[in-house]
Amino acid sequence: MIRKCPPHATDQILSIANAGSQAPTPTEAELTHALRPWQAVLDAATPDGIPLTKAGWMAPAACEKIWHESGLAWPYGKGNREQNTPELSKIRQVCTQGKLIRKHKDALVLTPLGRKAASDQTVLAKAAAASLVMCPDDFDSDVCALTMLALAAGFTEEGSEPLTRLHPLGDEIARLMSTLGWRVGTGLVERGDLGRAYYQLIDMMQAGSEGEGRNYGLPQGGGVRHLARLAVLAS
1412 MIRKCPPHAT
1422 DQILSIANAG
1432 SQAPTPTEAE
1442 LTHALRPWQA
1452 VLDAATPDGI
1462 PLTKAGWMAP
1472 AACEKIWHES
1482 GLAWPYGKGN
1492 REQNTPELSK
1502 IRQVCTQGKL
1512 IRKHKDALVL
1522 TPLGRKAASD
1532 QTVLAKAAAA
1542 SLVMCPDDFD
1552 SDVCALTMLA
1562 LAAGFTEEGS
1572 EPLTRLHPLG
1582 DEIARLMSTL
1592 GWRVGTGLVE
1602 RGDLGRAYYQ
1612 LIDMMQAGSE
1622 GEGRNYGLPQ
1632 GGGVRHLARL
1642 AVLAS
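In terms of our numbering, the sequence shown opens at residue 1412 and continues consecutively.
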């Protein structure tokens, strides 16, 4: 990313990166909390894999287990249908991208890396972080990397109202994208242009967040900052 930066923007990006590198080491409990989405999938796949339906979706019982243990669940709904629950599809996708699980016959089974990560938090943290910044195109890749930079640096909402607490972060990422030279149509990048990859990334990080970050606000906590820093290093 630094290679893409025009000279006037390099100092901004390096300043954010430096703040992220100073994030304190999380406690074991904080990291465990941040890794809940990935750990829930690994637990569901141990030892015999996650059964798949004939249509290729994760079986309802496995979906419901992952939904509730991952921190992705909301107060309503059962979360027992992958095809109706975007968060479940996303965690399956990132675990597959991170080479933690793979499809084998009629199940999702652990890979060698997944088996190791299931019982080694350090291995899981690195794999989970890398999976978050595996994006299909350069625009999404930069969005995700900048978002992780900001979260690692401890970006704050400065007292925004609950339903708009993510807006300052989105505005900052859009501004940085424009600084990197990205344009949407003929104009600068705006918050609404960040797209699905940004919001799915926020969902994943909110699942491991502490306090109000889980419901409305910015993902926060020592585990979240550590995971974001590892993601930056992997991007």
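These are calculated hints, taken from the structure and not from any lab test. All C-beta atoms in this analysis are idealised placements derived from N, C-alpha and C, irrespective of residue type, glycine included. One or more hints might be untrue.
Said to hold, decoys possible - With a straight-line cut-off of 25 Å between C-alpha atoms, the simulated BS3-like cross-links for lysine-lysine are:
| # | residue 1 | residue 2 |
| --- | --- | --- |
| 1 | K1537 | K1514 |
| 2 | K1476 | K1465 |
| 3 | K1476 | K1527 |
| 4 | K1527 | K1510 |
| 5 | K1476 | K1489 |
| 6 | K1514 | K1527 |
| 7 | K1465 | K1537 |
| 8 | K1501 | K1516 |
| 9 | K1537 | K1510 |
| 10 | K1489 | K1465 |
| 11 | K1476 | K1510 |
| 12 | K1501 | K1537 |
| 13 | K1465 | K1510 |
| 14 | K1527 | K1537 |
| 15 | K1465 | K1516 |
| 16 | K1527 | K1465 |
What the hints assert, rightly or not - Each pair of labels, with its calculated beta carbon distance range:
| # | residue 1 | residue 2 | range |
| --- | --- | --- | --- |
| 17 | D1548 | D1582 | 21 to 27 Å |
| 18 | R1607 | Q1532 | 27 to 33 Å |
| 19 | P1523 | Y1610 | 31 to 37 Å |
| 20 | P1435 | Q1508 | 25 to 31 Å |
| 21 | T1533 | L1599 | 37 to 43 Å |
| 22 | D1582 | P1462 | 39 to 45 Å |
| 23 | G1592 | P1523 | 39 to 45 Å |
| 24 | G1565 | E1601 | 32 to 38 Å |
Hint by hint, here is what the structure shows:
{"no.": "1", "hint": "K1537 <-> K1514", "in the structure": "holds, 22 Å"}
{"no.": "2", "hint": "K1476 <-> K1465", "in the structure": "holds, 20 Å"}
{"no.": "3", "hint": "K1476 <-> K1527", "in the structure": "holds, 21 Å"}
{"no.": "4", "hint": "K1527 <-> K1510", "in the structure": "holds, 12 Å"}
{"no.": "5", "hint": "K1476 <-> K1489", "in the structure": "holds, 10 Å"}
{"no.": "6", "hint": "K1514 <-> K1527", "in the structure": "holds, 18 Å"}
{"no.": "7", "hint": "K1465 <-> K1537", "in the structure": "violated, 33 Å"}
{"no.": "8", "hint": "K1501 <-> K1516", "in the structure": "holds, 21 Å"}
{"no.": "9", "hint": "K1537 <-> K1510", "in the structure": "holds, 12 Å"}
{"no.": "10", "hint": "K1489 <-> K1465", "in the structure": "holds, 21 Å"}
{"no.": "11", "hint": "K1476 <-> K1510", "in the structure": "holds, 21 Å"}
{"no.": "12", "hint": "K1501 <-> K1537", "in the structure": "holds, 18 Å"}
{"no.": "13", "hint": "K1465 <-> K1510", "in the structure": "holds, 23 Å"}
{"no.": "14", "hint": "K1527 <-> K1537", "in the structure": "holds, 12 Å"}
{"no.": "15", "hint": "K1465 <-> K1516", "in the structure": "holds, 11 Å"}
{"no.": "16", "hint": "K1527 <-> K1465", "in the structure": "violated, 29 Å"}
{"no.": "17", "hint": "D1548 <-> D1582: 21 to 27 Å", "in the structure": "holds, 22 Å"}
{"no.": "18", "hint": "R1607 <-> Q1532: 27 to 33 Å", "in the structure": "holds, 29 Å"}
{"no.": "19", "hint": "P1523 <-> Y1610: 31 to 37 Å", "in the structure": "holds, 32 Å"}
{"no.": "20", "hint": "P1435 <-> Q1508: 25 to 31 Å", "in the structure": "holds, 28 Å"}
{"no.": "21", "hint": "T1533 <-> L1599: 37 to 43 Å", "in the structure": "holds, 40 Å"}
{"no.": "22", "hint": "D1582 <-> P1462: 39 to 45 Å", "in the structure": "holds, 43 Å"}
{"no.": "23", "hint": "G1592 <-> P1523: 39 to 45 Å", "in the structure": "holds, 40 Å"}
{"no.": "24", "hint": "G1565 <-> E1601: 32 to 38 Å", "in the structure": "violated, 24 Å"}
When each numbered hint is compared with the structure, violations occur for hints 7, 16, 24.
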